[in-house]
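Protein chains in written order, with my numbering: chain A, 421 to 916; chain B, 223 to 519.
Treat each hint with caution, since some may be false.
Restraint ranges, calculated between C-beta atoms of paired labels, are given here [stated by the list, open to error]:
1. B:Asn283 - A:Arg807: 33 to 41 Å
2. B:Asp486 - A:Glu668: 26 to 34 Å
3. A:Gly750 - B:Ala405: 55 to 63 Å
4. A:Glu806 - B:Thr388: 54 to 62 Å
5. A:Glu689 - B:Phe226: 28 to 36 Å
6. A:Asp725 - B:Leu227: 13 to 21 Å
7. A:Gly809 - B:Asn335: 18 to 26 Å
8. B:Asn410 - A:Arg807: 48 to 56 Å
Coverage of chain B stretches by chain A, computed from C-beta distances (three or more under 8 Å per stretch; other residues unrestricted) [unchecked claim]:
9. 227-241
10. 332-346
11. 440-446
12. 471-482
13. 485-497
Calculated directly from the structure, the hints in this document are not laboratory data. By construction, the Cβ of each residue, glycine as well, lies at the ideal position given by its N, Cα and C atoms.
Letter by letter, the chains look like this.
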Amino acid sequence: MKKFWNLFLIAAMLLAAVPVVAAAPPPQDGGQDYVVVADDWLSKLSDKFLGDVLAYPAITYYTNQKNAEDDSYAQITDSDVIEVGWKIYIPSSEEAQAYFAGQTTTAGAMGGETIKIGGFGPLSAPGSYQGGTEMRQAAELAVDEINAAGGVLGRQVELIFGDTEGLPERGTAVTERLITQEGVVALTGEYHSGVALAELEVAHKYGIPVVFAEPWADEVTGSGYDEIFRVAPSIEFYSSIASNYIAEVGWDKIVFVTEDTDYGRLQGEGWVEQLEALGITDVEVIYADPATEDFTPILQRIAQDPPDMLGGVITGIGNSRMLRQACELGLAPTAQTAYYATTDSQYPEFWETVGDCGQYAFFTYVGLPKSLWNENTEAFMATYEERYGQVPGGVAMEAYDSVYVLLKAMEQAGSTDAQAVIDALEDIEHTGVLGKIWFEYDSKNPVPADQPAWMWHQWLTPNVFILQYTEAGQSVDEAAVTYPAERATGSLYTSP
Amino acid sequence: MEYFLSLTITGLVMGIIYALMALGLTLIFSILGVINFAHGEFYMLGGYMSYFILAVVAGLNPFVAVAVGGLIIALIGLIFELGFLRPMHLGHIERPAEYAILITFGLSFFLQNLALATFGPYPHRPPSFFEGSVDLGIIRIGADRLTASLLALALLAVLLLIINRTWIGKALQAVSQNKDATAIVGINPLRMNTLAFGMGVGLAALSGALLAPSFSITPDVGAVPSIRSYIIIVLGGMGSIPGSILGGLLIGLVESFGAGYFPDPSRALNYKMVFGLVIFALILLFRPRGLFGRREA
Numbered sequence: 421m422k423k424f425w426n427l428f429l430i431a432a433m434l435l436a437a438v439p440v441v442a443a444a445p446p447p448q449d450g451g452q453d454y455v456v457v458a459d460d461w462l463s464k465l466s467d468k469f470l471g472d473v474l475a476y477p478a479i480t481y482y483t484n485q486k487n488a489e490d491d492s493y494a495q496i497t498d499s500d501v502i503e504v505g506w507k508i509y510i511p512s513s514e515e516a517q518a519y520f521a522g523q524t525t526t527a528g529a530m531g532g533e534t535i536k537i538g539g540f541g542p543l544s545a546p547g548s549y550q551g552g553t554e555m556r557q558a559a560e561l562a563v564d565e566i567n568a569a570g571g572v573l574g575r576q577v578e579l580i581f582g583d584t585e586g587l588p589e590r591g592t593a594v595t596e597r598l599i600t601q602e603g604v605v606a607l608t609g610e611y612h613s614g615v616a617l618a619e620l621e622v623a624h625k626y627g628i629p630v631v632f633a634e635p636w637a638d639e640v641t642g643s644g645y646d647e648i649f650r651v652a653p654s655i656e657f658y659s660s661i662a663s664n665y666i667a668e669v670g671w672d673k674i675v676f677v678t679e680d681t682d683y684g685r686l687q688g689e690g691w692v693e694q695l696e697a698l699g700i701t702d703v704e705v706i707y708a709d710p711a712t713e714d715f716t717p718i719l720q721r722i723a724q725d726p727p728d729m730l731g732g733v734i735t736g737i738g739n740s741r742m743l744r745q746a747c748e749l750g751l752a753p754t755a756q757t758a759y760y761a762t763t764d765s766q767y768p769e770f771w772e773t774v775g776d777c778g779q780y781a782f783f784t785y786v787g788l789p790k791s792l793w794n795e796n797t798e799a800f801m802a803t804y805e806e807r808y809g810q811v812p813g814g815v816a817m818e819a820y821d822s823v824y825v826l827l828k829a830m831e832q833a834g835s836t837d838a839q840a841v842i843d844a845l846e847d848i849e850h851t852g853v854l855g856k857i858w859f860e861y862d863s864k865n866p867v868p869a870d871q872p873a874w875m876w877h878q879w880l881t882p883n884v885f886i887l888q889y890t891e892a893g894q895s896v897d898e899a900a901v902t903y904p905a906e907r908a909t910g911s912l913y914t915s916p
Numbered sequence: 223m224e225y226f227l228s229l230t231i232t233g234l235v236m237g238i239i240y241a242l243m244a245l246g247l248t249l250i251f252s253i254l255g256v257i258n259f260a261h262g263e264f265y266m267l268g269g270y271m272s273y274f275i276l277a278v279v280a281g282l283n284p285f286v287a288v289a290v291g292g293l294i295i296a297l298i299g300l301i302f303e304l305g306f307l308r309p310m311h312l313g314h315i316e317r318p319a320e321y322a323i324l325i326t327f328g329l330s331f332f333l334q335n336l337a338l339a340t341f342g343p344y345p346h347r348p349p350s351f352f353e354g355s356v357d358l359g360i361i362r363i364g365a366d367r368l369t370a371s372l373l374a375l376a377l378l379a380v381l382l383l384i385i386n387r388t389w390i391g392k393a394l395q396a397v398s399q400n401k402d403a404t405a406i407v408g409i410n411p412l413r414m415n416t417l418a419f420g421m422g423v424g425l426a427a428l429s430g431a432l433l434a435p436s437f438s439i440t441p442d443v444g445a446v447p448s449i450r451s452y453i454i455i456v457l458g459g460m461g462s463i464p465g466s467i468l469g470g471l472l473i474g475l476v477e478s479f480g481a482g483y484f485p486d487p488s489r490a491l492n493y494k495m496v497f498g499l500v501i502f503a504l505i506l507l508f509r510p511r512g513l514f515g516r517r518e519a
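Here chain A stands alone, though its shape is the one from the complex:
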């Protein structure tokens, strides 16, 4: 008897299940209205009706479109929140496909919803999270200011910032998620070149415009993609400032210890080539893991035949470690050997970590020294410091200006349509905290054959300077601008 009951129960359960399976409609030919019931969520519905869990933005979009004409439809402001009893519109497969094919061309019509833009950068190890954090803070500040002033196209802007951890594969995943799941209409940020090179491929695939704030690899804009713009200098331009400076001072024997990453290698190779062209051939490049704690053995080796200039090109904590160890060893900065540090020397923690060893160190600075500030720079520096309790560096300036450039282009385009934003970016002229930003070479004015490919969609006059701390404890604002000569505030080089 028990067996019979078991069989009966199984049969009853199967019968109950069959109508459900049969009722689950195949991908629709025409859209349909649907009333939300308990335990529904959008990705579940998109899987059920459209056969794809990731197709839910299409439901959100079409429901909001219907809502604009007929308020019996719900308005979905957050795709993660739907309520029981809401009437929503499930598009047909064709409608969903049409939405995704032209997602960005129609997104501009989504009245009322916030405009989502994506940010990316390293917020945790092994990425350079100091730079990433500063980048995110500056971008958030820019978005908040723009929202307080009325937003863009009459709508508020939401910045969704993804942590790329300094890893190219994370960059790809974050960009994919921002575009396909968060539905961002444009992207900005990034610190690491290797990660940017992965991200730009994803952005290109979906046709989403990107204004890169800090990656320097020539290949970023050298990709020649319509979607890619850059406010940061290219590595060739950046390295050339130090090379020209070294030639100007007249040092002959140079040793660089650079981090073994794309950032370090691109610079190392660039310097060897550029310095050779300037007649300086005694240049040695030593590669190091950026997490190296103790540089002493290699510094002892270098000290066997001290160079005129020692460069420690290690981002993050390695910058101060190497400088301090070279100083403790009595190798540099000394009257015989000058010391070239990384751009991270601009942060206030530099002095806490190197002590008096930082005096006479010089470094390349991407940003605007105080002597060249405009009123936007002054306002930005004051607001940032007040909000975050930290003096912002060049990375923050670039990230802040990148957001403004991007959103100003969107406003000028009159739409969030990707192509319209790209066209507007090609025509943009924006005076930001870094000065006037524009992109010289674009689809109407292609890069001349005799110029390098990275000039495409590139701001050609980023602010790159050589600064030197002539006194211990100086802030970056007080450091002497030593090069280029026409904008210098101090002597070319002050020797210990």
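Mind docking chain B on chain A? Use the hints.
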């Protein structure tokens, strides 16, 4: 010759500190039978602790801050052992070996991200023990680093005395050899577990605090030292105290000579850790249980 001697000094100075940190890991392994994957994070916390103690109590002697920091982290270690590792030894956990790996790995991620959220991403450095460098004739060496090394040497000596001459030390050794037998003679192995974990992470914290003025601290600063410690304890023989000390010194010297003599200078620094790994592989090849490893019973 001077160059050789200067590299030897650099290697020994670092090797002593490596040994101190590895000793903590070995103590935990030999008593609890657990590899502490969060060892590097306790190293990091030791550095932050001494930094913040000195920032809050102005004018405090940096040595006091190091000691207090080490003690606080040791206490945190005791609490962690009582809460998360003791259930394993009481038989409350179904698969203790996997549990120990997961719980210490989890702790490692937790502490690193907690530090990032609490202390921020920027590097910090506590004030120096002594400013400037000491000229030893053949080499100038940072006063902070030399101080850290001498203190580490003193700590190693004290620890060896405790382990070999005191009742607690002998009890710890007994537990590492046979838990059941020690329980029969009246030593509580559970208490020894807690004590060993506290001492182990306290040693990691002391290493971190001693090196913080030389190397500065960020939330991920423990990653390299912890990997190096795993190498050292396997090299020295899992659970062997003299093995850890010798292993630490050996790795310190090999790293120093490797960076100093490798024919291609552009690779010399990059391969620093690799030189240690080569020695590690060679020793394991000819002596699979490490320098001082016990033969499996």
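Tested hints:
1. B:Asn283 - A:Arg807: 33 to 41 Å: holds (37 Å)
2. B:Asp486 - A:Glu668: 26 to 34 Å: Given about 31 Å between the Cβ atoms, the range holds.
3. A:Gly750 - B:Ala405: 55 to 63 Å: Cβ of Gly750 (chain A) to Cβ of Ala405 (chain B): about 58 Å, so the range 55 to 63 Å holds.
4. A:Glu806 - B:Thr388: 54 to 62 Å: holds (57 Å)
5. A:Glu689 - B:Phe226: 28 to 36 Å: holds (33 Å)
6. A:Asp725 - B:Leu227: 13 to 21 Å: Hint holds: Cβ distance 18 Å, inside 13 to 21 Å.
7. A:Gly809 - B:Asn335: 18 to 26 Å: Holds: the Cβ-Cβ distance is about 21 Å, inside 18 to 26 Å.
8. B:Asn410 - A:Arg807: 48 to 56 Å: For Asn410 (chain B) and Arg807 (chain A) the Cβ distance comes to about 55 Å; the hint holds.
9. 227-241: holds (count 5)
10. 332-346: It holds: at least three residues are needed, and the stretch 332-346 of chain B offers 8 whose Cβ sits within less than 8 Å of chain A.
11. 440-446: holds (count 6)
12. 471-482: Satisfied; 6 residues make the cut.
13. 485-497: holds (count 8)
In this structure, every one of the numbered hints holds.
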